[in-house]
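> Assemble the whole structure, with the sequences as input and the hints as a guide.
For the sequence shown, our numbering gives the first residue as 2, with consecutive numbering after it.
Since the hints were made in silico from the structure, they are not lab data.
Keep in mind that a hint or two might mislead.
Stated by the list, open to error - With a Cα cut of at most 27 Å, we get these calculated DSS-like pairs of lysine-lysine:
| hint | residue 1 | residue 2 |
| --- | --- | --- |
| 1 | Lys120 | Lys210 |
| 2 | Lys66 | Lys210 |
| 3 | Lys66 | Lys315 |
| 4 | Lys120 | Lys230 |
| 5 | Lys207 | Lys66 |
| 6 | Lys207 | Lys120 |
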Amino acid sequence: MKKAGWIVVALLLVIALTRFDFHSLGTSLRQVPLPALLALLGLQVVTQLLVNYQWCRIGLAIGGKHGFWQMLYVNARGAVVDAITPGVKAGGEVARGVLLVRAVGYSPQQAAVLVTIQKIASLFSFFLINLAAFTHISTRLQTVGGPALQGAVYTVLLGFLGLTGLLLTRAEWIEQRAASWKPTWRWSRALRGYLTTLVSSLKDLKEIKGELFRQFALASAIWLLYPVKMILLVRLFTPQFDPVIVAEITFIAYMVGMIPLLPGGLGGFEAVMASLLMAVGVEASSALAITLLFRFITFWSVMALSLVYIGIWKLRGETR
2 MKKAGWIVVA LLLVIALTRF DFHSLGTSLR QVPLPALLAL LGLQVVTQLL VNYQWCRIGL
62 AIGGKHGFWQ MLYVNARGAV VDAITPGVKA GGEVARGVLL VRAVGYSPQQ AAVLVTIQKI
122 ASLFSFFLIN LAAFTHISTR LQTVGGPALQ GAVYTVLLGF LGLTGLLLTR AEWIEQRAAS
182 WKPTWRWSRA LRGYLTTLVS SLKDLKEIKG ELFRQFALAS AIWLLYPVKM ILLVRLFTPQ
242 FDPVIVAEIT FIAYMVGMIP LLPGGLGGFE AVMASLLMAV GVEASSALAI TLLFRFITFW
302 SVMALSLVYI GIWKLRGETR
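If you want it as structure tokens, here you go:
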């Protein structure tokens, strides 16, 4: 069964690889000085380590026991699954939850709560930044959809932010409702247990002075590193550009990439980023090169480094 799972993962990786234009990537790489490329890759490594630190910090706050490098192994495995699952990457979160139970020793409910809280912090910060970015860029570029599309985007963003706000501010009410619920089915009993543990863990986080704020601040800082990389990359191709607009393009492309169509959001992400870059005056060839390089730095390099780390972890485990 385990071998069959690895075969499926390998096949999905092959599918993802066949959808990427590596010839154009090679051409784009030759346009970037090696020190600049290494600096951008270094920033991506910092980003991944900060994400791992966030997982560790939340895990410890809810009573988990793990090491930094052990959690990095969990996230590396999750990153590989992220690369082969469409859109919002639910597959990667499921993989992380399973590994937290099997490799780290979490209970199933504890693992689910850790995954949920990290996702809440990450997506709340992402959608809040996207709300500001979309509001501003839609007044500057006519290419960012019509009233119907803008209305749909605002509905999704405000809906998620509202639900998250409700979860954080009405935790006691949700806990009382869950406690009074008398489920009859096995899955409903599991759901009640999960909700009870989730709300209890959120209350524990809120009781640690400033911890919830620090989690949202950390998630925001992690997301803001992506436009920093994008701005540095664009500067290598064109000296004249609006860094605020470039940052907003980055977030909107990621938002479109979350739509579950292709593995890792491939296709939609590239199309939106390249078209918006051209809309703000970047030459078509440069826009394509920037998009491919950014995807290589933030997506393919993460997958490659994750596979290397998984291999090292496995080898160390076999030699112990």
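> For every hint, state whether the structure bears it out.
Status of the hints after comparison with the structure:
1. Lys120 x Lys210: Within the cut-off at roughly 21 Å; holds.
2. Lys66 x Lys210: 21 Å, holds
3. Lys66 x Lys315: 20 Å, holds
4. Lys120 x Lys230: 22 Å, holds
5. Lys207 x Lys66: 20 Å, holds
6. Lys207 x Lys120: 17 Å, holds
When each numbered hint is compared with the structure, no violation occurs for any of them.
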